[in-house]
Amino acid sequence: MKFGILDQSPIEIGGSSSDALKQSVHLAKTAESLGYERFWVSEHHGSEQLAGTSPEVLMSYLLAHTNTIRVGSGGVMLQHYSPYKVAENFNVLDALAPGRVDVGVGKAPGGLPITTQALQIEQQEEKKQSFDKKLSLLHQYFDERSSLRAEPYRSTPPPVYVLGASVESAQLAARTGSSFVFAGFINQSRELLKAAVNAYRELSKTGLVILALPIYVGESDEEATAETNDLWHYRVIFDDGSKVTVTSREQAELFGSQEKRPFRIEADKLPIIAGSALTVQQTLEEITSDVGIDELIFHTPIRNFRKRIRSYEQLSRLFEKEEVE
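Residue numbers (the working numbering): 33 to 357.
For the record, the hints were derived by calculation from the structure and aren't laboratory data.
Quick caveat, the model's predicted, so the values are computed rather than measured.
Virtual Cβ for every residue (Gly too), placed ideally from N, Cα, C.
Careful, some of the hints might be misleading.
Claimed, not checked - Per label pair, the in silico range of CB-to-CB distance:
no., residue 1, residue 2, range
1, 54, 310, 26 to 34 Å
2, 51, 345, 34 to 42 Å
3, 345, 150, 37 to 45 Å
4, 282, 345, 31 to 39 Å
5, 255, 222, 20 to 28 Å
6, 253, 116, 29 to 37 Å
7, 233, 61, 46 to 54 Å
8, 300, 253, 19 to 27 Å
9, 293, 152, 38 to 46 Å
10, 152, 280, 18 to 26 Å
11, 50, 345, 23 to 31 Å
12, 54, 120, 22 to 30 Å
13, 176, 237, 17 to 25 Å
Claimed, not checked - Derived pair list, reagent style DMTMM-like, types lysine to aspartate or glutamate, alpha-carbon separation capped at 25 Å:
no., residue 1, residue 2
14, 301, 285
15, 34, 51
16, 339, 120
17, 165, 176
18, 61, 326
19, 275, 259
20, 275, 80
21, 292, 317
22, 226, 326
23, 160, 327
24, 34, 326
25, 34, 88
26, 159, 120
27, 165, 200
28, 166, 272
29, 275, 262
30, 292, 154
31, 226, 251
32, 237, 318
33, 34, 176
34, 34, 327
35, 117, 164
36, 34, 64
37, 301, 80
38, 61, 88
39, 61, 51
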(Lines of atoms letter the chains of each structure in order from A and count residues from 1; the text may use other names and numbers.)
(Lines give C-alpha, C1' and ligand atoms only; values in the text may rest on other atoms or scores of the structure.)
Protein backbone atom coordinates (compact mmCIF):
# COMPACT_ATOMS: atom_id res chain seq x y z
CA MET A 1 0.00 0.00 0.00
CA LYS A 2 1.21 3.49 -0.86
CA PHE A 3 1.40 6.25 1.75
CA GLY A 4 1.19 10.03 1.39
CA ILE A 5 1.29 13.17 3.52
CA LEU A 6 -1.21 16.02 3.84
CA ASP A 7 0.52 19.11 5.20
CA GLN A 8 -1.34 22.23 6.34
CA SER A 9 1.79 24.34 7.05
CA PRO A 10 1.04 24.79 10.77
CA ILE A 11 2.72 27.76 12.43
CA GLU A 12 4.79 26.78 15.46
CA ILE A 13 4.25 28.70 18.68
CA GLY A 14 6.68 31.61 18.49
CA GLY A 15 7.25 31.00 14.78
CA SER A 16 6.09 32.82 11.65
CA SER A 17 4.11 31.93 8.54
CA SER A 18 7.36 32.15 6.57
CA ASP A 19 8.92 29.57 8.89
CA ALA A 20 5.89 27.31 8.42
CA LEU A 21 6.10 27.42 4.62
CA LYS A 22 9.83 26.70 4.70
CA GLN A 23 9.10 23.75 6.97
CA SER A 24 6.60 22.46 4.39
CA VAL A 25 9.35 22.55 1.77
CA HIS A 26 11.72 20.71 4.11
CA LEU A 27 9.03 18.15 4.90
CA ALA A 28 8.32 17.54 1.19
CA LYS A 29 12.00 16.83 0.55
CA THR A 30 12.08 14.52 3.56
CA ALA A 31 8.93 12.72 2.42
CA GLU A 32 10.51 12.11 -0.98
CA SER A 33 13.67 10.70 0.59
CA LEU A 34 11.57 8.43 2.82
CA GLY A 35 9.65 6.96 -0.11
CA TYR A 36 6.24 8.57 0.30
CA GLU A 37 4.08 8.47 -2.85
CA ARG A 38 2.52 11.92 -2.65
CA PHE A 39 2.71 15.19 -0.72
CA TRP A 40 -0.38 17.39 -0.61
CA VAL A 41 -0.84 20.90 0.74
CA SER A 42 -4.04 22.53 1.93
CA GLU A 43 -5.98 25.77 1.53
CA HIS A 44 -7.05 27.76 4.58
CA HIS A 45 -7.89 31.45 4.77
CA GLY A 46 -7.66 33.98 7.59
CA SER A 47 -6.02 31.52 9.99
CA GLU A 48 -3.41 32.53 12.56
CA GLN A 49 -2.44 28.86 12.97
CA LEU A 50 -2.03 27.69 9.35
CA ALA A 51 0.09 29.37 6.66
CA GLY A 52 -1.14 27.46 3.59
CA THR A 53 -3.51 29.78 1.72
CA SER A 54 -2.57 29.09 -1.91
CA PRO A 55 -1.86 25.43 -2.68
CA GLU A 56 -1.08 25.97 -6.37
CA VAL A 57 1.62 28.54 -5.61
CA LEU A 58 3.17 26.39 -2.89
CA MET A 59 2.95 23.34 -5.17
CA SER A 60 5.00 25.07 -7.86
CA TYR A 61 7.80 25.68 -5.37
CA LEU A 62 7.61 22.14 -4.01
CA LEU A 63 7.74 20.63 -7.50
CA ALA A 64 10.82 22.71 -8.27
CA HIS A 65 12.57 21.50 -5.12
CA THR A 66 11.75 17.78 -5.43
CA ASN A 67 12.30 15.23 -8.17
CA THR A 68 9.99 12.24 -7.98
CA ILE A 69 7.26 12.59 -5.35
CA ARG A 70 3.76 13.49 -6.53
CA VAL A 71 2.65 16.93 -5.32
CA GLY A 72 -0.99 17.90 -4.99
CA SER A 73 -3.61 20.14 -3.47
CA GLY A 74 -5.53 18.85 -0.51
CA GLY A 75 -7.43 20.69 -1.70
CA VAL A 76 -8.35 23.70 -3.78
CA MET A 77 -11.65 25.07 -2.43
CA LEU A 78 -13.37 25.09 -5.78
CA GLN A 79 -16.42 27.14 -4.80
CA HIS A 80 -14.27 30.28 -4.68
CA TYR A 81 -12.81 30.06 -8.18
CA SER A 82 -13.37 29.72 -11.90
CA PRO A 83 -12.92 26.03 -12.84
CA TYR A 84 -11.35 27.19 -16.09
CA LYS A 85 -8.61 29.10 -14.27
CA VAL A 86 -8.04 26.17 -11.89
CA ALA A 87 -7.63 23.85 -14.88
CA GLU A 88 -5.14 26.26 -16.47
CA ASN A 89 -3.12 26.50 -13.26
CA PHE A 90 -2.81 22.74 -12.93
CA ASN A 91 -2.04 22.23 -16.61
CA VAL A 92 0.87 24.66 -16.23
CA LEU A 93 2.11 22.74 -13.19
CA ASP A 94 1.79 19.43 -15.03
CA ALA A 95 3.61 20.81 -18.08
CA LEU A 96 6.51 21.79 -15.81
CA ALA A 97 6.49 18.51 -13.84
CA PRO A 98 4.76 15.91 -16.05
CA GLY A 99 3.05 13.07 -14.23
CA ARG A 100 3.70 14.44 -10.75
CA VAL A 101 0.66 16.68 -10.19
CA ASP A 102 -2.57 15.81 -8.32
CA VAL A 103 -5.68 18.02 -8.42
CA GLY A 104 -7.46 17.68 -5.09
CA VAL A 105 -10.64 19.75 -4.71
CA GLY A 106 -12.92 20.34 -1.74
CA LYS A 107 -16.32 21.84 -1.05
CA ALA A 108 -15.61 23.49 2.31
CA PRO A 109 -14.94 27.24 2.46
CA GLY A 110 -11.55 26.84 4.14
CA GLY A 111 -12.10 29.93 6.25
CA LEU A 112 -14.57 32.23 7.95
CA PRO A 113 -17.58 33.79 6.17
CA ILE A 114 -15.76 37.12 5.96
CA THR A 115 -12.87 35.52 4.02
CA THR A 116 -15.33 33.69 1.77
CA GLN A 117 -16.98 37.02 0.97
CA ALA A 118 -13.60 38.51 0.10
CA LEU A 119 -12.70 35.56 -2.14
CA GLN A 120 -16.06 35.65 -3.91
CA ILE A 121 -16.44 39.43 -4.07
CA GLU A 122 -16.96 39.48 -7.84
CA GLN A 123 -19.36 36.53 -7.95
CA GLN A 124 -22.97 37.56 -8.48
CA GLU A 125 -25.18 35.67 -6.05
CA GLU A 126 -27.77 34.72 -8.67
CA LYS A 127 -25.07 33.34 -10.99
CA LYS A 128 -23.10 31.28 -8.47
CA GLN A 129 -22.63 27.69 -9.59
CA SER A 130 -22.87 24.64 -7.35
CA PHE A 131 -19.79 22.63 -6.42
CA ASP A 132 -21.15 19.74 -8.51
CA LYS A 133 -21.39 21.97 -11.58
CA LYS A 134 -17.93 23.43 -11.05
CA LEU A 135 -16.43 19.96 -10.68
CA SER A 136 -18.04 18.86 -13.95
CA LEU A 137 -16.70 21.96 -15.68
CA LEU A 138 -13.21 21.32 -14.31
CA HIS A 139 -13.22 17.88 -15.95
CA GLN A 140 -14.63 19.36 -19.14
CA TYR A 141 -11.81 21.89 -19.42
CA PHE A 142 -9.23 19.11 -19.01
CA ASP A 143 -10.87 17.11 -21.86
CA GLU A 144 -9.24 17.39 -25.30
CA ARG A 145 -12.68 16.98 -26.92
CA SER A 146 -14.06 20.07 -25.21
CA SER A 147 -14.88 23.06 -27.38
CA LEU A 148 -13.18 25.14 -24.70
CA ARG A 149 -10.21 23.36 -23.17
CA ALA A 150 -7.68 24.72 -20.72
CA GLU A 151 -4.20 25.38 -22.06
CA PRO A 152 -1.45 24.34 -22.06
CA TYR A 153 -3.12 21.18 -23.36
CA ARG A 154 -2.11 17.94 -21.66
CA SER A 155 -2.79 14.68 -23.51
CA THR A 156 -2.93 13.00 -20.10
CA PRO A 157 -4.39 15.61 -17.74
CA PRO A 158 -3.51 15.57 -14.03
CA PRO A 159 -5.87 13.33 -12.03
CA VAL A 160 -8.70 14.90 -10.04
CA TYR A 161 -9.52 13.85 -6.46
CA VAL A 162 -12.65 14.87 -4.55
CA LEU A 163 -12.08 15.38 -0.82
CA GLY A 164 -15.08 14.62 1.35
CA ALA A 165 -16.50 12.71 4.30
CA SER A 166 -19.91 11.57 3.08
CA VAL A 167 -21.60 9.06 0.81
CA GLU A 168 -22.77 11.94 -1.37
CA SER A 169 -19.20 13.15 -1.92
CA ALA A 170 -18.12 9.62 -2.84
CA GLN A 171 -20.95 9.29 -5.35
CA LEU A 172 -20.16 12.68 -6.86
CA ALA A 173 -16.51 11.72 -7.26
CA ALA A 174 -17.45 8.48 -9.00
CA ARG A 175 -20.01 10.11 -11.32
CA THR A 176 -17.51 12.71 -12.51
CA GLY A 177 -14.63 10.29 -13.04
CA SER A 178 -12.70 11.63 -10.05
CA SER A 179 -10.88 9.59 -7.44
CA PHE A 180 -12.10 9.94 -3.85
CA VAL A 181 -10.33 10.89 -0.64
CA PHE A 182 -12.26 10.22 2.57
CA ALA A 183 -11.35 12.91 5.11
CA GLY A 184 -10.92 10.78 8.21
CA PHE A 185 -9.59 13.77 10.12
CA ILE A 186 -13.12 15.23 9.89
CA ASN A 187 -15.12 12.07 10.49
CA GLN A 188 -13.69 8.71 11.57
CA SER A 189 -16.98 6.80 11.65
CA ARG A 190 -16.09 3.32 10.36
CA GLU A 191 -19.68 2.76 9.24
CA LEU A 192 -19.69 5.99 7.22
CA LEU A 193 -16.29 5.18 5.73
CA LYS A 194 -17.50 1.76 4.59
CA ALA A 195 -20.70 3.21 3.17
CA ALA A 196 -18.77 5.88 1.25
CA VAL A 197 -16.25 3.38 -0.13
CA ASN A 198 -19.03 0.99 -1.18
CA ALA A 199 -20.99 3.80 -2.82
CA TYR A 200 -17.90 4.84 -4.77
CA ARG A 201 -17.07 1.28 -5.85
CA GLU A 202 -20.62 0.72 -7.10
CA LEU A 203 -20.24 3.60 -9.56
CA SER A 204 -16.52 3.49 -10.37
CA LYS A 205 -14.29 0.48 -10.95
CA THR A 206 -11.14 2.39 -11.90
CA GLY A 207 -10.70 5.38 -9.57
CA LEU A 208 -8.61 5.38 -6.41
CA VAL A 209 -10.06 5.45 -2.92
CA ILE A 210 -7.69 7.07 -0.45
CA LEU A 211 -8.20 7.40 3.30
CA ALA A 212 -6.75 10.50 4.96
CA LEU A 213 -6.12 9.96 8.66
CA PRO A 214 -4.94 12.18 11.53
CA ILE A 215 -1.99 10.36 13.01
CA TYR A 216 0.96 10.84 15.34
CA VAL A 217 3.68 8.32 16.14
CA GLY A 218 5.45 9.07 19.41
CA GLU A 219 8.30 7.45 21.26
CA SER A 220 5.72 5.68 23.44
CA ASP A 221 1.96 5.47 23.85
CA GLU A 222 2.20 7.78 26.85
CA GLU A 223 4.24 10.44 25.03
CA ALA A 224 1.93 10.34 22.00
CA THR A 225 -1.16 10.71 24.17
CA ALA A 226 0.35 13.64 26.06
CA GLU A 227 1.34 15.38 22.81
CA THR A 228 -2.13 15.10 21.27
CA ASN A 229 -4.32 15.37 24.36
CA ASP A 230 -5.19 19.03 23.81
CA LEU A 231 -6.23 18.65 20.15
CA TRP A 232 -9.93 19.44 19.71
CA HIS A 233 -12.21 20.32 16.85
CA TYR A 234 -15.39 22.36 16.94
CA ARG A 235 -18.54 21.96 14.85
CA VAL A 236 -20.65 25.02 14.13
CA ILE A 237 -24.15 23.67 13.53
CA PHE A 238 -26.96 25.80 12.08
CA ASP A 239 -30.71 25.33 12.35
CA ASP A 240 -30.98 23.99 8.79
CA GLY A 241 -28.57 21.17 9.63
CA SER A 242 -25.60 22.62 7.76
CA LYS A 243 -22.33 22.55 9.67
CA VAL A 244 -18.67 23.40 9.42
CA THR A 245 -15.70 22.11 11.42
CA VAL A 246 -12.97 24.43 12.72
CA THR A 247 -9.96 24.00 15.01
CA SER A 248 -10.68 26.44 17.85
CA ARG A 249 -13.63 27.72 19.85
CA GLU A 250 -12.69 31.27 18.88
CA GLN A 251 -12.99 30.37 15.19
CA ALA A 252 -16.29 28.64 15.87
CA GLU A 253 -17.72 31.71 17.61
CA LEU A 254 -16.50 33.97 14.80
CA PHE A 255 -17.90 31.72 12.10
CA GLY A 256 -21.30 31.55 13.73
CA SER A 257 -21.51 35.28 14.43
CA GLN A 258 -20.41 36.22 10.91
CA GLU A 259 -23.13 34.00 9.42
CA LYS A 260 -25.71 36.09 11.31
CA ARG A 261 -28.09 33.17 11.92
CA PRO A 262 -28.79 30.89 14.90
CA PHE A 263 -26.10 28.32 15.63
CA ARG A 264 -24.71 26.06 18.29
CA ILE A 265 -21.19 24.72 18.88
CA GLU A 266 -20.21 21.13 19.63
CA ALA A 267 -16.68 20.38 20.83
CA ASP A 268 -14.99 16.99 20.45
CA LYS A 269 -11.52 15.61 20.96
CA LEU A 270 -9.82 15.26 17.58
CA PRO A 271 -10.07 11.55 16.72
CA ILE A 272 -6.35 11.20 16.11
CA ILE A 273 -4.56 7.85 15.94
CA ALA A 274 -1.73 8.34 18.42
CA GLY A 275 0.71 5.93 19.98
CA SER A 276 3.99 4.12 19.61
CA ALA A 277 4.98 2.74 16.22
CA LEU A 278 3.64 -0.68 17.21
CA THR A 279 0.31 0.69 18.42
CA VAL A 280 -0.19 2.78 15.28
CA GLN A 281 0.83 -0.14 13.06
CA GLN A 282 -1.77 -2.39 14.69
CA THR A 283 -4.48 0.26 14.29
CA LEU A 284 -3.67 0.83 10.63
CA GLU A 285 -3.63 -2.90 9.90
CA GLU A 286 -7.05 -3.24 11.52
CA ILE A 287 -8.50 -0.36 9.48
CA THR A 288 -7.05 -1.39 6.14
CA SER A 289 -8.08 -5.02 6.56
CA ASP A 290 -11.64 -3.93 7.36
CA VAL A 291 -12.12 -1.38 4.56
CA GLY A 292 -11.11 -1.74 0.90
CA ILE A 293 -8.95 1.32 0.31
CA ASP A 294 -6.08 1.83 -2.12
CA GLU A 295 -3.84 4.29 -0.26
CA LEU A 296 -3.40 6.15 3.01
CA ILE A 297 -2.59 9.83 3.44
CA PHE A 298 -1.34 10.90 6.86
CA HIS A 299 -2.09 14.26 8.46
CA THR A 300 -0.18 15.09 11.66
CA PRO A 301 -1.89 18.16 13.20
CA ILE A 302 0.73 19.15 15.76
CA ARG A 303 2.81 22.30 15.57
CA ASN A 304 6.14 20.95 16.80
CA PHE A 305 8.01 20.47 13.53
CA ARG A 306 10.74 18.24 14.93
CA LYS A 307 8.14 15.84 16.31
CA ARG A 308 6.16 15.88 13.05
CA ILE A 309 9.28 14.94 11.10
CA ARG A 310 10.07 12.18 13.57
CA SER A 311 6.51 10.82 13.33
CA TYR A 312 6.65 10.65 9.52
CA GLU A 313 10.04 8.95 9.69
CA GLN A 314 8.63 6.24 11.93
CA LEU A 315 5.55 5.85 9.72
CA SER A 316 7.76 5.38 6.67
CA ARG A 317 9.30 2.30 8.26
CA LEU A 318 5.90 0.61 8.17
CA PHE A 319 5.77 0.59 4.39
CA GLU A 320 9.50 -0.13 4.10
CA LYS A 321 8.74 -3.40 5.88
CA GLU A 322 5.39 -3.74 4.05
CA GLU A 323 3.70 -4.20 7.40
CA VAL A 324 0.48 -2.44 6.38
CA GLU A 325 -1.25 -4.45 3.65
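Here is what the structure says about each hint:
1. 54 with 310: 26 to 34 Å: holds (33 Å)
2. 51 with 345: 34 to 42 Å: violated (20 Å)
3. 345 with 150: 37 to 45 Å: holds (39 Å)
4. 282 with 345: 31 to 39 Å: Between residue 282 and residue 345, where Cβ atoms are some 33 Å apart, the hint holds.
5. 255 with 222: 20 to 28 Å: holds (26 Å)
6. 253 with 116: 29 to 37 Å: Taking Cβ atoms as reference, residue 253 and residue 116 lie about 50 Å apart, which means the hint is violated.
7. 233 with 61: 46 to 54 Å: violated (35 Å)
8. 300 with 253: 19 to 27 Å: Holds, at about 21 Å.
9. 293 with 152: 38 to 46 Å: violated (18 Å)
10. 152 with 280: 18 to 26 Å: holds (24 Å)
11. 50 with 345: 23 to 31 Å: Once the Cβ atoms are compared, 24 Å apart, the range 23 to 31 Å for residue 345 and residue 50 holds.
12. 54 with 120: 22 to 30 Å: holds (28 Å)
13. 176 with 237: 17 to 25 Å: holds (23 Å)
14. 301 with 285: Holds, at roughly 18 Å.
15. 34 with 51: violated (29 Å)
16. 339 with 120: Outside the cut-off at roughly 37 Å; violated.
17. 165 with 176: holds (19 Å)
18. 61 with 326: OK: residue 61 and residue 326 at ~24 Å, within 25 Å.
19. 275 with 259: Violated, because 28 Å separates the two Cα atoms, which is more than 25 Å.
20. 275 with 80: Satisfied, since the Cα-Cα distance of roughly 22 Å is no more than 25 Å.
21. 292 with 317: Not satisfied, since the Cα-Cα distance of roughly 45 Å exceeds 25 Å.
22. 226 with 326: holds (13 Å)
23. 160 with 327: violated (34 Å)
24. 34 with 326: Satisfied, since the Cα-Cα distance of roughly 8 Å is no more than 25 Å.
25. 34 with 88: holds (23 Å)
26. 159 with 120: Satisfied, since the Cα-Cα distance of roughly 22 Å is no more than 25 Å.
27. 165 with 200: holds (14 Å)
28. 166 with 272: At roughly 24 Å apart (the allowed maximum being 25 Å), residue 272 and residue 166 satisfy the hint.
29. 275 with 262: holds (22 Å)
30. 292 with 154: holds (21 Å)
31. 226 with 251: Distance of about 31 Å is beyond 25 Å: violated.
32. 237 with 318: Holds: residue 237 and residue 318 sit about 24 Å apart, inside 25 Å.
33. 34 with 176: Status violated; Cα separation ~30 Å.
34. 34 with 327: holds (5 Å)
35. 117 with 164: holds (17 Å)
36. 34 with 64: holds (13 Å)
37. 301 with 80: holds (21 Å)
38. 61 with 88: holds (17 Å)
39. 61 with 51: holds (16 Å)
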